[in-house]
Amino acid sequence: MLAALLLSLGLLGVVFLSLTNGSVELSWSELLAAALRQGSDIHQTIFWDLRLPRVLAALIVGAALGLSGALMQGMLRNGLASPFLLGVSAGAGLMVVLLIGLNLLRIWVPLGAWLGAVVTALLVYSLARTGTTLSVERLILAGVAFNAFFGSVQSLFLLNSQDGQFQAALNWLIGSLNGRGWTEVTIVGPGVAVAVLVGCLLARQVNILCLGDDLATGLGISLLRSRCLIGAVATLLAAGAVSIAGLVGFVGLIVPHGVRLLVGTDYRLVLPFSTLGGAFVLAGADLLARIGPVELPVGGVTALLGAPVFIWLLYRRRAIGGR
Amino acid sequence: MPLEVRNLGGGYGDRLIVEAVNLALAQGEWLSLLGANGSGKSTLLRVMSRILKPQAGVVLLDGRDIHQLSPAAAARKLALLPQQQTLPEGLTVYQLVSLGRSPHQPWWQWELDAAGRKQVEKALQWTEIEHYRDRPVTELSGGERQRAFLALALAQDPKVLLLDEPTTFLDLHYQLQLLELLKRLNEQQGLSIITVLHDINLAARYSNRLALLRQGHLWSVGSPTEMLTPENLREVFDIEVALIHTAVGLQICPLAAATNPVPLIPTPT
Chain R
3 MLAALLLSLG
13 LLGVVFLSLT
23 NGSVELSWSE
33 LLAAALRQGS
43 DIHQTIFWDL
53 RLPRVLAALI
63 VGAALGLSGA
73 LMQGMLRNGL
83 ASPFLLGVSA
93 GAGLMVVLLI
103 GLNLLRIWVP
113 LGAWLGAVVT
123 ALLVYSLART
133 GTTLSVERLI
143 LAGVAFNAFF
153 GSVQSLFLLN
163 SQDGQFQAAL
173 NWLIGSLNGR
183 GWTEVTIVGP
193 GVAVAVLVGC
203 LLARQVNILC
213 LGDDLATGLG
223 ISLLRSRCLI
233 GAVATLLAAG
243 AVSIAGLVGF
253 VGLIVPHGVR
263 LLVGTDYRLV
273 LPFSTLGGAF
283 VLAGADLLAR
293 IGPVELPVGG
303 VTALLGAPVF
313 IWLLYRRRAI
323 GGR
Chain S
16 MPLEVRNLGG
26 GYGDRLIVEA
36 VNLALAQGEW
46 LSLLGANGSG
56 KSTLLRVMSR
66 ILKPQAGVVL
76 LDGRDIHQLS
86 PAAAARKLAL
96 LPQQQTLPEG
106 LTVYQLVSLG
116 RSPHQPWWQW
126 ELDAAGRKQV
136 EKALQWTEIE
146 HYRDRPVTEL
156 SGGERQRAFL
166 ALALAQDPKV
176 LLLDEPTTFL
186 DLHYQLQLLE
196 LLKRLNEQQG
206 LSIITVLHDI
216 NLAARYSNRL
226 ALLRQGHLWS
236 VGSPTEMLTP
246 ENLREVFDIE
256 VALIHTAVGL
266 QICPLAAATN
276 PVPLIPTPT
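Chains R and S, in that order, are what the protein sequence lines are.
Using the numbering used here, you'd call the opening residue of the first sequence number 3 and step up by one each time.
Using the numbering used here, you'd call the opening residue of the second sequence number 16 and step up by one each time.
Chain S extracted, bound-state conformation (with noise of 0.2 Å):
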């Protein structure tokens, strides 16, 4: 398991957002979390990530606790795509790339070594953007830049990658190519990917099992075709869906929010 949370709980200052999840990531396995807003999903995603502490319960990295390891000796195993970027001026995106490589260099280690730039080339090659290297990073597009900034956690050389809803500020063009590039990296290279998705046929489409969590609670977890049914959306996002199959597999189709107990607006009747 390279990556396992047990009984995790976690918030803001006192707030407890998410409590006692259990989830575990196999080798080379995509897992997506869904949920609607405020279900805890990206709250769980920077608990696992050591942005937030836990109040509650481990996250264990190859069966260590991440919280106990050195911030370094985690980010060599696991990295993050955050939501949003804050834009370095002035960098190319080779420079940026590079930055990957800070938890494998030693303090005093000024330039890349020889492996650091094989694995930078790498990560470039992998997303496609070695004719961007020279451009600097508030110039690209935003598809290019999330590439640009995949590249940078890829050059880590992590086992596991964490993103936080990578898709959200994409066209849908840039949506899929993202995430075939991921598709591609996870089969391939064995990545173990973590995704926080607001799209749920995205995340059926891509991930080997989606996660599904509900006020702060995992509420299920199996693959997207035990997922996805209609109790189940219902019960997780309020909406009351079609099941298509099609040739991606199964899609739902939202045909209604579902019916709120107590009723915002009264209907005029």
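If we strip away everything but chain R, and leave its shape as in the complex, we get (with noise of 0.2 Å):
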């Protein structure tokens, strides 16, 4: 109950600060006031057309990264699991270094990454199914293969393009929310809602995938089904985070593990606290990125100071004597 209203209170903070710090500082009565469609215009724009779209972008992003990772290390019981792992992050990669390379319109970059991370997750789950089984290894194991060989013909794709397209790639590649705005929130916004609603039904299955394979057979839970579905729900939550921001890593390996600190291991706890942690995560990611005199790129901030948290976390477990 407490980590409940700790986080919320967090979260309200850092939209709060997100909203009014910037290269425009606005005070509480100009947000206020320009909130409520009053005041100066300039104002007015500033709050409704870049920094509300801008943290709505960052919050979706954060919550379907934080629920997707939570439900990945769930379903595979592997604490190293990421969102990444059935290969969303090498096919979206991939797809969107191939369009910038042919110099394709900036639009369909988005819809490029989004195609990408879910045919590859296909590919892996494919690989994977033997029968009518689908066993944890397999499915890391494929993860790993395929992250790998789409990863290497991504680097031949960079190595060999231009000056321009290299940056803007790179840029994509490390994710960053600059100049997201209501295009990105109103396309994706939904689908990741929905996505998380569902997501959050699934915790009972994940409570029980934990138990083992045998156990979970016995209790009624269908390995393959509840796989399938937990990882469909994974992939498309963490194919819309990509094709708003890109690959912004970190997130969804970490948050799962903070939480569980916070909240103990019943899943039904865990992913609704990683969703609003994974949307608190990136949020003040973005409020870190943004506040220096040049914008750096929110995915930089997160793998900056994710790794240096995640050895913390680490420590600390240790000093409580878990594993």
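One or more of the hints may lead you astray.
To be verified - Computed footprint of chain S on chain R; a stretch qualifies when at least three of its residues, placed anywhere within it, have a C-beta under 8 Å from a C-beta of chain S:
id, segment
1, 58-70
2, 217-223
As the list claims (entries may be wrong) - Here are a few chain S residues that face chain R, going by a calculated C-beta distance under 10 Å:
id, residue
3, Arg-61
4, Ser-64
5, Ile-66
6, Lys-68
7, Ala-71
8, Val-73
9, Leu-95
10, Gln-110
11, Gly-115
12, Arg-220
13, Asn-223
Claimed, not checked - Just the calculated beta-carbon pair ranges, DEER-fashion:
id, chain 1, residue 1, chain 2, residue 2, range
14, R, Ala-6, S, His-188, 25 to 31 Å
15, S, Gln-230, R, Leu-158, 39 to 45 Å
16, R, Thr-188, S, Ala-129, 56 to 62 Å
17, S, Gln-140, R, Thr-188, 51 to 57 Å
Note that these hints are calculated values from the structure, not bench results.
Ideal placement from N, C-alpha and C gives every residue a C-beta, glycine not left out.
Please assemble the complex out of the two chains, which come individually in their own frames, going by the hints.
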């Protein structure tokens, strides 16, 4: 309960700071006026057209990555799993590098990334499936294989690309929220919202899958069906996030770990909290990314901060005596 | 017949490990599967519990093909205690046992209903772990842990309970404790039980019938006194035994490994 309150307060705080801070500072009253479509036109534009959609985009991407990571870690019973394990990042990355290399219109990039992510995850699943069984080990191995393969093809294309294209592609591969507006929010937002709802409803299945294959079968879970369902929701969430912001790393890996430290391992709590936590972390990271004189890509911030936080979490868990 | 297998064959991939098994479990009966290593007793149990698909024949649960039933419908009648459990980190005993209600819960039901809570309480009571309910499962001793997982299976409110070598990792005290507990459930609640047991004496002591398996085939089925003969044990387990009549019924004392037709190590003369 306390954790829920703290996280909600933190989330509100970050959203407030994100709306007020920037190259033009807004005071509380200016913010309120702009929100009510009063006061200076510039403030209104800043609020409605720049900051609000960007904060919303950060919340959507963060929530999607947080929940996707928690679903993956629960389903695969592996704390190293991230939303990108099933080939989402490699597929999306390859598509984007190809699209940018072909000089196609930039508006195709989000759709291409989404398609690349979903198709690669489908390939991973079809490789992992043997007959009517779908084992965790094969899923992880198939994911690693496709990640390596598509990743290397992507590097080859990058090495042979022209200067400007290289920058554009790299910016996308690191992950950024720069210039994201209402288009992205309105196209991807509803889909992610539905996937979040469905994802949180899968909590009981994830709990049972954590008991091992044999016991889960004994408890009336179809391993194949539940793994396909959970994987599909996790992939759609990750693909949605990727189509908005590119490959923002570490959020999906770390947030579920932090959440488990906070609320325990019951996935009925872990899943909704990872959603909130992901939104909180990414909105916070984007705030940090914008605060300096030069804007950093948000993916750079999460990676830069994520790794030390991960190390700290590991250290904490050892101190508590867990594993 | 709560559980019946007809002409059952099954194994891993294309490899057939058990073949042509016909066996029926009577209501309220405790049947133990016995056999040497590799005889197929665990495989048979895994096919009956839907972990493996049969390659021939059918498993009938209350007269219906178990592999055609929905997984949840089958799990409402048949529970399984696997040999080794994955320990769920951070779950308390109560949370673990509550998961046993899931085949009875529709997908949207987040918390236990009144009937579910009652069944969980009963399961905790039967297995005598009520006072551990708030302890993390990972902190329990081997015997307590096994009872917690048994409580999970009992929370399913099954008619038939399958147990794969439930005593393997327990010392003697907990072995007897667990089997006594199962006997009480068997006699008082009418729970039908199939166990795979390594220990012939424990199986003979607690089961109503023994099913002997040899090289993937059902060798013979019958009461412990019918099954425990020196001839049977020589054929099925390759051991020479002496039979002992004890206060807990017929038991065996293994005397020697039966002479191997082709000795692995030539004895020096």
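Hint check results:
| no. | hint | result |
| --- | --- | --- |
| 1 | 58-70 | violated (count 0) |
| 2 | 217-223 | holds (count 6) |
| 3 | Arg-61 | 8 Å, holds |
| 4 | Ser-64 | 6 Å, holds |
| 5 | Ile-66 | 5 Å, holds |
| 6 | Lys-68 | 7 Å, holds |
| 7 | Ala-71 | 16 Å, violated |
| 8 | Val-73 | 17 Å, violated |
| 9 | Leu-95 | 3 Å, holds |
| 10 | Gln-110 | 6 Å, holds |
| 11 | Gly-115 | 7 Å, holds |
| 12 | Arg-220 | 26 Å, violated |
| 13 | Asn-223 | 23 Å, violated |
| 14 | Ala-6(R) to His-188(S): 25 to 31 Å | 44 Å, violated |
| 15 | Gln-230(S) to Leu-158(R): 39 to 45 Å | 55 Å, violated |
| 16 | Thr-188(R) to Ala-129(S): 56 to 62 Å | 44 Å, violated |
| 17 | Gln-140(S) to Thr-188(R): 51 to 57 Å | 55 Å, holds |
Consistency note: the structure conflicts with the earlier hints numbered 1, 7, 8, 12, 13, 14, 15, 16.
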